[in-house]
Amino acid sequence: MNNRSRTTSGAAALIQKSLARRYRAERRFRWYGIAAVVFGLLCVATLFVDIIGKGHGAFRQTYLHLTIDYDRDVLGLSATAAASELALADYPALIKQALLQRFGEVSGRSARRELSGMVSSSAAYLLQDRLQANPSLLGTTETLWLLADDDVDTYIKSLRDRGGAFTGRVSEQQQLWLKALRDSKEVRLQFNWNFFTSGDSREPEQAGIGSATMGSVLTLLITLLLAFPIGVAAAVYLEEFAPKNAWTEFIEVNINNLAAVPSIIFGLLGLAILINFFHVPRSVPLIGGLVLAIMTLPTIIISSRAAIKSVPPSIREAAIGIGASPSQVVLHHVLPLAMPGMLTGAIIGMAQALGETAPLLMIGMVAFIVDIPGGFTDPATVLPVQIFLWADSPERAFVEKTSAAIMVLLAFLITMNTAAVMLRRKLERRW
Amino acid sequence: METPSLLISLIALTVLAFYIGRQRSIAQAAPLGGVRHLQSLPLYYGVRASLWCGLPAFLLLALWLIFDEPLISTVVLSSMPEHLQPHSLAERNLLINQIENLASGALSTEGVDSAVAQAAENLLRLKHIAGMLLSVATLVLALVGFIWAWWRMSPRLRARYQVELVFKGALLLCACLAILTTLGIALSVLFESLRFFQTVPFTDFITGLNWSPQTAIRADQVGGSGSFGAVPLFVGTLLISFIAMCVAVPAGLMSAIYLAEYASSTVRSVAKPVLEILAGVPTVVYGFFAALTVAPFVRDVGTGLSLSVSSESALAAGLVMGVMIIPFVSSLADDVISAVPQAMRDGSLALGATHSETIKKVIFPAALPGIVGGVLLAVSRAIGETMIVVMAAGLAARLTLNPLDAVTTVTVQIVTLLVGDQEFDSPKTLSAFALGLMLFVVTLLLNMVALKVVKRYREQYE
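The listed protein sequences correspond, in order, to chains A and B. Sequential numbering from 1 applies to the first sequence in the numbering used here. Sequential numbering from 432 applies to the second sequence in the numbering used here.
Hints are not guaranteed to be accurate.
[What the hints assert, rightly or not] On the chain B side, residues computed to face chain A include the following (Cβ under 7 Å):
no. : residue
1   : C605
2   : G615
3   : S619
4   : F719
5   : T724
6   : L849
Think of the hints as simulated: they come from the structure by calculation, not from any bench. The beta carbon of each residue, even a glycine, is placed where N, CA and C say it ideally should be.
Bound-form chain A, shown alone (with noise of 0.2 Å):
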């Protein structure tokens, strides 16, 4: 008896100590854990504070105030012009001739560069049209607010930054005018309409998302009404008509393995069959929303399968008992019943497809593009690749464009799979 007891409190003093060992290895435990979740929690903080610190810029370009006479001498018009010359007159001059007004002669050649190369060379095309617009204002004055150089704007929004200025290519010169405009207020940021209108530039104060966005419409409007009737063909097949048998089983086996092979080999896909056998144009929305569609297909069917696998069999089998076929029964119950999913998966497949670059380098779609395209068939590229050329430009005012689409590209993003997440909520019945 007493011996027993003694075992027990003996082992009752091995558990106690054993015990406070257990439990602090279950403190660690949760603690690698919470470890875990916080990582990648800082990890998308990491991601989204990155892109917009570098980003936010670019939504605000530097304009230069200046005043501009419209002199026929500097323009290279004779007195009896007319309107076909305009075309032909010397616009950079006119921009020249008010920065020499503005800061006094400046001698040197060089000097005379920098001067004029504060300001975008798109200012010019901006004078042209004013002028062709309403030649009436030739020989008049006007003050106008004119893009700036990139570089300069780089050095105006950098100013700000606490580590200091960044000068980069902006000369002390430059930077001193610079000074001497901002202190009577002729510089100014302004928002950046252009960056949303215009399309691809090697100047990156004049680039754009402009023909990209379009592009990627244009692209995942052939992705979608391909991939969208398709897919949920497929998966009608697959759940309600499919025999149980090795066909099937051996196409099930393919789209399982299809939406997990990598998306580069999509292009590979396309390069080889779509283009060079089918001469299919490269560089086009059609090749581009033909592989994106071949690549979410797997995607769109397999969550279109989970959609009808969800709608009861006890609506099938009503609709069966008075009378209707196969056929009617899916028109006219399951399918309208699994649309809500089935959308849902549709625009999560969209996303994806919207996101994607690697297929797309392959067919061609890397071009260099200033146009905004019109229809299936013109050259276009697509933003995640306009963002991927433009991460490669060296100039450092690409970093900030590059960011500011990056940002655009993340919002569409977002706001499709908002949308997916609220169709699911609002439309979606529980059985």
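With the hints as your guide, set chain B onto chain A.
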């Protein structure tokens, strides 16, 4: 007739056929005492008529549009005189291009061989004839189909059955597209790879230690002899994937365990979607992040520790790739862990095991096959990932296991070899397809094994 207007008239005919077919069935049913004496609803008679009208015509149109161009150019070329006949594929394409530009008026006929100008005229004439023929043939086919459907129509006809047969056939066709895609991928990489292996032996490709795909353009050119030993690429790919897995597996697994077993439902409902964001971020964004933020950071840290770090280190690309794969691993692991029956948990806890002991000794072993399957899928994803490595890893093929060095991967080489102009007769371009074949085979095997393991595991607890 132009193709768009032909298409529109075909569609109009099909719609018309539907209405006429439906009307006729109603008319046929009227003497019998109403629509209910028809075998099928009038709708199905209409659909049947429009199917007969449209389907053969559309098929003909599609086939014609695919095959008319090569056919016409072959006819045009064969009618040209002997001395102008092209000798190679490139020459042939060039000649066809020239003829087409002449025909469309983009090129002036001045100073062009009269035979070529003749061919351009020939082409225009043939195209015109072909267009006429196509319009007539499709429209006649549509009419014949419709008349056949109209003529065979009777109240006893099983129209619904026939329409549903076509409907089911169309569905089956869509489902079989998946097989067609796989076949297309396999054929496209296989054929070009076979052409590549005719110039470079397979054993040299798979065991060679030197990768420099620049081939000489002229025979007497010095340097750039081209060597296609893919081992450095395989090693680089595996190195970066290994680094990625070192990040993704512990972080993904532990966060899945924490969120599934410990976290309160509020934490779970916030943390899970936020982590899922990582899966939705496009890879090009990760590539930008890796190249501009992580790589300089890694280099600064390395320089601080007086290590020499390449500016395009494998470490930076691998780390970012790992972060990308975290949600992939964690959602797969979450599924698997949730599938372990609650009874096993209860039994372990009832015996006095702590929560973490239950997880480590009961749940984890039970979920292991599923987790292994998930990790294999993640590995296949890491191997096939392209944009991160294209933007953040190097181009030079170096045989090293040092994560601070720049390495290149299979996918990077495919992209660099195939972006821009390609000549499909040089081993340089074809080698990309050989690399693609390797990538496809390896990822396919990994996926098949992984999917099988996961499936078997699921069946175990169902």
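We went through each hint and held it up to the structure:
1. C605: holds (4 Å)
2. G615: holds (5 Å)
3. S619: holds (3 Å)
4. F719: holds (5 Å)
5. T724: holds (5 Å)
6. L849: Since the shortest Cβ distance to chain A is 5 Å, the answer is holds.
In the structure shown, no violation is registered for any of the earlier numbered hints.
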